[in-house]
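Please build the complete structure, drawing on both the sequences and the hints.
Chain by chain, the residues run as shown.
Number of protein chains: 4
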Amino acid sequence: MQLGMVGLGRMGANIVRRLMRAGHDCAVHDANPAPGQALAAEGARDCSGLKALVEALAAPRAVWVMLPAGAATEGAIAELAGLLSPGDTIIDGGNTFWKDDIRRAASLREKGLTYLDVGTSGGVWGLERGYCLMIGGDITAFQRLEPIFAALAPGRGDIPETRHREDRVSTAEQGYLHCGPNGAGHYVKMIHNGIEYGMMQAFAEGFDILRNANSGRLPAEQRFDLDLADISEVWRRGSVVTSWLLDLTAEALAEDGDLGEFTGRVDDSGEGRWTVEAAIEQATPAEVLTSALYTRFRSRQDHTFAEKILSAMRKGFGGHQEAKTKG
Amino acid sequence: MQLGMVGLGRMGANIVRRLMRAGHDCAVHDANPAPGQALAAEGARDCSGLKALVEALAAPRAVWVMLPAGAATEGAIAELAGLLSPGDTIIDGGNTFWKDDIRRAASLREKGLTYLDVGTSGGVWGLERGYCLMIGGDITAFQRLEPIFAALAPGRGDIPETRHREDRVSTAEQGYLHCGPNGAGHYVKMIHNGIEYGMMQAFAEGFDILRNANSGRLPAEQRFDLDLADISEVWRRGSVVTSWLLDLTAEALAEDGDLGEFTGRVDDSGEGRWTVEAAIEQATPAEVLTSALYTRFRSRQDHTFAEKILSAMRKGFGGHQEAKTKG
Amino acid sequence: MQLGMVGLGRMGANIVRRLMRAGHDCAVHDANPAPGQALAAEGARDCSGLKALVEALAAPRAVWVMLPAGAATEGAIAELAGLLSPGDTIIDGGNTFWKDDIRRAASLREKGLTYLDVGTSGGVWGLERGYCLMIGGDITAFQRLEPIFAALAPGRGDIPETRHREDRVSTAEQGYLHCGPNGAGHYVKMIHNGIEYGMMQAFAEGFDILRNANSGRLPAEQRFDLDLADISEVWRRGSVVTSWLLDLTAEALAEDGDLGEFTGRVDDSGEGRWTVEAAIEQATPAEVLTSALYTRFRSRQDHTFAEKILSAMRKGFGGHQEAKTKG
Amino acid sequence: MQLGMVGLGRMGANIVRRLMRAGHDCAVHDANPAPGQALAAEGARDCSGLKALVEALAAPRAVWVMLPAGAATEGAIAELAGLLSPGDTIIDGGNTFWKDDIRRAASLREKGLTYLDVGTSGGVWGLERGYCLMIGGDITAFQRLEPIFAALAPGRGDIPETRHREDRVSTAEQGYLHCGPNGAGHYVKMIHNGIEYGMMQAFAEGFDILRNANSGRLPAEQRFDLDLADISEVWRRGSVVTSWLLDLTAEALAEDGDLGEFTGRVDDSGEGRWTVEAAIEQATPAEVLTSALYTRFRSRQDHTFAEKILSAMRKGFGGHQEAKTKG
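Chains as they are written, first to last, in full-length UniProt numbering: chain H, 1 to 327; chain E, 1 to 327; chain G, 1 to 327; chain R, 1 to 327.
One thing to keep in mind: the hints can contain errors.
You can't tell identical chains apart in this list, so a pair holds if it fits in one copy or across any two.
SDA-like cross-link-like pairs, simulated, lysine to any residue; straight-line CA separation at most 25 Å [as the list claims (entries may be wrong)]:
no.: 1; residue 1: Lys-315; residue 2: Gly-70
no.: 2; residue 1: Lys-99; residue 2: Glu-277
no.: 3; residue 1: Lys-315; residue 2: Asp-138
no.: 4; residue 1: Lys-315; residue 2: Pro-219
no.: 5; residue 1: Lys-99; residue 2: Ser-269
no.: 6; residue 1: Lys-111; residue 2: His-303
no.: 7; residue 1: Lys-111; residue 2: Glu-74
no.: 8; residue 1: Lys-99; residue 2: Gly-270
no.: 9; residue 1: Lys-99; residue 2: Ala-71
no.: 10; residue 1: Lys-315; residue 2: Thr-263
no.: 11; residue 1: Lys-315; residue 2: Arg-18
no.: 12; residue 1: Lys-51; residue 2: Ala-71
no.: 13; residue 1: Lys-99; residue 2: Glu-74
no.: 14; residue 1: Lys-315; residue 2: Arg-17
no.: 15; residue 1: Lys-315; residue 2: Asp-302
no.: 16; residue 1: Lys-51; residue 2: Ala-40
no.: 17; residue 1: Lys-111; residue 2: Glu-281
no.: 18; residue 1: Lys-99; residue 2: Ala-69
no.: 19; residue 1: Lys-315; residue 2: Asp-227
no.: 20; residue 1: Lys-99; residue 2: Glu-281
no.: 21; residue 1: Lys-51; residue 2: Ala-220
no.: 22; residue 1: Lys-99; residue 2: Phe-224
no.: 23; residue 1: Lys-315; residue 2: Ser-85
It should be emphasised that the hints constitute simulated quantities derived from the structure, not laboratory data.
Right under this line is the structure:
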């Protein structure tokens with residue numbers, strides 16, 4: 001099939017590569033000319049602008065936008081909406097807020113355009129492993145574009161079949177899924193990332209305790225000097241916490257058990273915040289997902305004003321001086 | 001090799017089976033005669049008591065105790081200590097508190113006995129998949145018994161090698177690891193379970209939000225009726241949250257998307273509590289692991305007294321009546 | 001001064017009463033005729049509708065809207081906007097979301113109307129104790145209406161002066177404060193309520209632990225049968241946790257130490273949720289305020305789906321049955 | 001009455017002063033001679049050692065130990081136990097772990113000595129305000145020493161009586177309370193401090209959000225530049241969060257709204273940790289009290305290893321670089 005790709009960062013460019021490997025025909029564009037030229041050398045048709053890209057595709061067209069969520073995506077889609085024809089489809093594969101999808105889809109629908117929101121997981125590994133795709137929007141457009149999604153997804157591979165799914169008919173085993181109407185794709189991706197935050201934090205705390213098992217604060221006879229790299233490796237074999245995140249942790253710890261390369265300032269993307277907001281709108285308690293988010297907030301500060309308030313109170317009622325030393 | 005096994009519950013009996021499949025010679029005992037008789041039919045030597053079990057083994061002996069942590073394990077080990085000879089080894093494969101290991105090992109050392117604490121992960125799947133073994137104690141005893149541990153562990157299997165481990169020499173890739181002196185095995189297992197709690201809770205909250213995405217509390221145009229079984233399945237393919245716990249969740253949701261079989265009262269074992277205590281002793285913040293534990297505490301109550309205190313205060317300052325309905 | 005009051009629930013009616021006691025002249029209206037008639041008997045001018053109420057006031061008018069946040073408030077203000085004249089002021093004394101204030105004030109400004117958002121704390125006690133008022137909006141309108149705010153606020157009373165405030169000029173000591181431009185009043189009130197949630201939960205958890213100090217789960221020699229009413233009372237004298245919320249708790253526990261009147265289903269108002277959202281927008285960690293909110297969410301459910309997910313996983317990996325009994 | 005005081009730090013010395021003001025006769029000792037000499041100038045009998053102190057008192061003696069919890073207290077009580085006579089009483093007024101009280105009381109009982117554990121709240125303000133006393137142990141010894149406790153406690157003062165206590169007979173209104181058998185005094189004090197941590201953290205987070213309301217991360221039209229000193233002051237008047245901790249916060253913010261004197265490294269004493277451990281032993285969820293503790297742990301570190309683990313994972317799956325800048 002034909003697909004237009006707007007945005008050729010690491011994700012967009014690798015999606016194009018994986019599609020071309022599967023025999024699809026890709027027209028591409030990026031504000032920066034370099035990645036389009038590189039992809040042209042691999043067989044893509046590099047276009048100088050959105051107009052050229054739209055003209056390079058036969059109707060009904062499909063254009064995948066893979067840009068940072070927010071203004072960049074919003075702008076590109078608005079421009080595309082003026083160039084495309086009724087029956088064409090815009091795919092937003094970025095990390096868009098799901099309520100923006102609902103709004104945007106309604107607006108495009110008035111122009112006869114269909115819109116699919118696609119949550120895309122896989123990161124730098126997607127080119128080889130395939131991308132896990134969570135898709136929201138018009139079912140007919142989804143079905144028309146299934147060859148694209150099937151090519152991007154990992155497929156069954158050698159992952160064991162899940163019991164009790166014998167009678168189910170679903171693309172889920174292929175690694176792509178139509179989750180519901182517009183917004184549902186990014187909603188499911190948002191929760192995926194929320195869970196990811198929680199799992200990461202669970203590992204992070206666990207390894208922190210393991211490392212501090214040798215703390216000088218503990219009685220000497222109750223300390224352990226543990227090899228975190230080996231522990232993460234042994235857990236990859238038959239333990240309950242077996243997971244891809246553990247694999248990645250084992251690799252990082254094998255490279256450097258002190259993780260000396262890292263300072264510990266941890267960014268958060270919108271999905272973690274939106275997950276908490278979704279939980280609050282529903283009145284669903286989400287302690288772990290929220291704590292994982294707050295840890296990242298805290299990690300980017302030297303000290304919070306909250307901590308100074310605590311110190312001020314302690315001085316006020318007890319005359320306590322602040323801790324002079326760390327730890 | 002020869003091994004004596006005390007305690008033939010599901011874990012103990014399957015460990016014996018896996019050892020016999022690898023050609024080891026097992027003498028077994030359980031207070032209840034049935035499981036010993038069953039294992040005898042499979043080739044084990046069933047012994048009527050600990051004395052008979054000790055006599056059935058040639059020195060230097062190794063006796064694995066697989067009983068509930070606490071009084072049962074303590075009692076069996078005390079009795080064994082009176083029957084065994086210097087140079088023999090007692091293995092505690094249960095979920096013992098690591099400080100009990102340190103105390104117990106010192107006491108057995110005075111009698112010339114060595115003690116290994118072995119954290120064992122794998123649950124009902126261990127017989128087929130192998131057990132992940134985290135081992136603390138005397139390195140010589142560990143090395144002498146490596147054939148036992150190697151037979152129980154999953155081995156390399158088809159799990160991809162971790163990058164940066166090329167030059168490491170470790171049994172971790174085999175699925176068993178000598179973690180350090182006595183207590184270290186159960187300490188590492190304790191943290192494993194702590195992480196497990198956190199990961200479970202991350203998934204649990206995420207699926208809770210997905211399910212409540214259809215809540216009547218939300219604006220009608222912002223609701224989704226999501227298929228949790230398919231979502232858990234698609235995440236098994238190329239997503240960041242790929243894990244064994246996700247596999248199990250996918251299976252449960254495929255069987256019944258409402259999980260109607262379950263009430264939601266969730267037990268906790270000692271490891272989750274000890275993990276938090278270890279964190280506190282070190283002054284390591286462990287928000288997620290602790291929240292995961294508290295969720296289980298809360299799940300076993302209809303209402304906490306804390307909640308009644310809140311209601312009483314709200315009535316006191318605002319004249320607020322309590323919520324009459326749920327949700 | 002003259003003031004119009006729209007909404008004569010407990011809060012609105014008592015505000016009118018406190019104003020009349022201070023000699024102010026109040027025109028009042030409520031959709032339900034009863035409270036207006038009652039207030040008329042106490043000296044207020046009861047009006048049959050908003051038009052009548054506006055006509056009963058001399059320009060520049062001030063109309064205080066004391067209705068549930070959301071549609072009721074929004075509708076009343078829209079109607080008033082069509083009736084009032086340039087130079088008049090609308091006061092929203094309810095629990096409006098601060099971003100709504102910003103939007104609304106801009107819209108009213110175009111019509112020459114000024115708008116003040118007033119966070120009002122004091123609950124059922126405000127009539128006697130006075131109301132703590134947090135005010136946002138045009139400083140001139142605030143100053144014009146200061147006699148109203150001063151009459152409603154508690155005043156200095158016998159509360160000891162705060163050290164280091166000797167050189168400050170502020171109405172804060174009187175119990176009312178111009179906090180900033182529109183939205184600032186409700187923003188400060190929102191955070192007040194967020195803190196209130198956290199403090200309440202701190203007390204709630206503490207008393208829960210005190211009560212459970214007699215739990216049968218504990219070793220018999222480590223149990224205490226504590227008198228919570230007396231403990232809350234003794235803490236009112238010289239302890240660090242001395243507070244009005246403690247006073248209310250002491251009263252409730254003195255009435256019934258089991259709080260048998262309450263089930264423990266605890267509502268939450270918007271402010272707690274908005275506080276968390278404000279924290280997330282700023283990337284400010286707010287663990288305690290958020291946990292306090294989630295506890296209330298959880299209190300209104302019998303079981304969460306999250307808990308069933310946990311049970312399903314535990315069955316999956318360990319064959320664990322759910323807890324049959326509580327506690 | 002006569003009382004011996006061992007340990008003349010700020011708390012011990014001020015307790016002696018308050019007792020002498022009430023006409024009691026105090027023999028005192030401290031390892032450091034200066035505070036004893038100072039108290040001698042105010043009327044106390046300064047003793048050169050514990051033996052001299054014991055000899056300075058008439059039987060039945062009462063000796064109050066006011067030393068750091070742990071080895072110092074343990075050592076002093078052991079030495080006193082060898083010097084005192086049956087019928088004498090040792091009071092531990094420090095922050096001892098309640099299980100140590102139970103053990104210690106049993107040991108002293110064998111020697112005919114009685115032991116009272118007294119949780120003492122009031123900090124640097126106790127000399128003037130009086131101390132809130134939570135007392136565990138033998139009721140007869142408590143009653144014999146009531147004049148001491150009554151002199152130290154704040155008394156009724158002008159604190160309004162709690163409704164529903166009309167028919168109660170209790171010393172709680174005086175500010176001292178016999179809470180139960182040995183350990184109960186320190187147990188109640190422990191929970192008091194746990195609640196204190198939670199309340200402090202609630203205020204700290206709230207003021208942090210108020211301060212960050214002016215964050216450059218927020219849209220310009222949604223920022224507020226709030227005066228925290230005035231806000232804390234206005235809340236002292238009629239709001240729900242009225243409390244002594246708020247009074248102290250208002251004072252600190254009035255002195256310096258930036259709290260520039262403080263770095264934000266916050267110590268924790270044992271009580272916060274023991275509160276969490278008590279909750280876990282009971283299976284009582286205590287989210288807020290625990291989060292408050294963890295915030296302090298985190299405040300004393302530049303970065304946790306947990307945060308580096310998060311960064312390492314993010315690099316692993318997404319190629320994400322760490323945040324370069326703060327906030």
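Lys-99 and Phe-224: within-copy, between-copy, both or neither at 25 Å Cα:
between (49 Å within a copy, 12 Å between copies)
Check Lys-315 against Thr-263 for me: Cα-Cα at most 25 Å, and say if that holds within a copy, between copies, both or neither.
between (31 Å within a copy, 13 Å between copies)
At most 25 Å between alpha carbons: which applies to Lys-99 and Ser-269, within, between, both or neither?
both (16 Å within a copy, 23 Å between copies)
For Lys-315 and Arg-17, with the copy left unspecified, which applies at a CA distance of at most 25 Å: within, between, both, or neither?
Between copies only: 22 Å across chains, 61 Å inside a chain, cut-off 25 Å.
One pair to classify: Lys-315 and Asp-302, alpha carbons no more than 25 Å apart. Within, between, both, or neither?
Classified as both: same-chain Cα gap 21 Å, cross-chain 22 Å, threshold 25 Å.
Status of Ala-71 relative to Lys-51 across identical chains (alpha carbons, at most 25 Å)
within (19 Å within a copy, 45 Å between copies)
Intra- versus inter-subunit Cα pairing at 25 Å for Lys-99 with Ala-71:
Answer is both: 15 Å inside a copy and 21 Å across each meet the 25 Å cutoff.
Give the relationship of Lys-315 and Ser-85 under a CA distance limit of 25 Å: within one copy only, between copies only, both, or neither.
neither (69 Å within a copy, 40 Å between copies)
Is it within, between, both, or neither for Lys-111 and Glu-74, if the alpha carbons may be no more than 25 Å apart?
Within one copy only: 16 Å inside, 33 Å across.
Should Lys-51 paired with Ala-40 be assigned to within, between, both, or neither, using CA atoms and 25 Å as the limit?
within (18 Å within a copy, 71 Å between copies)
Homomeric proximity label, Lys-111 with His-303: Cα distance no greater than 25 Å
Neither, since 51 Å and 45 Å both go past 25 Å.
At most 25 Å between CA atoms: does that hold for Lys-315 and Asp-138 within a copy, between copies, both, or neither?
Neither: 61 Å inside a chain and 35 Å across chains, both beyond 25 Å.
In this structure, the earlier hints numbered 3, 4, 6, 17, 21, 23 are contradicted, and the remaining ones agree with it.
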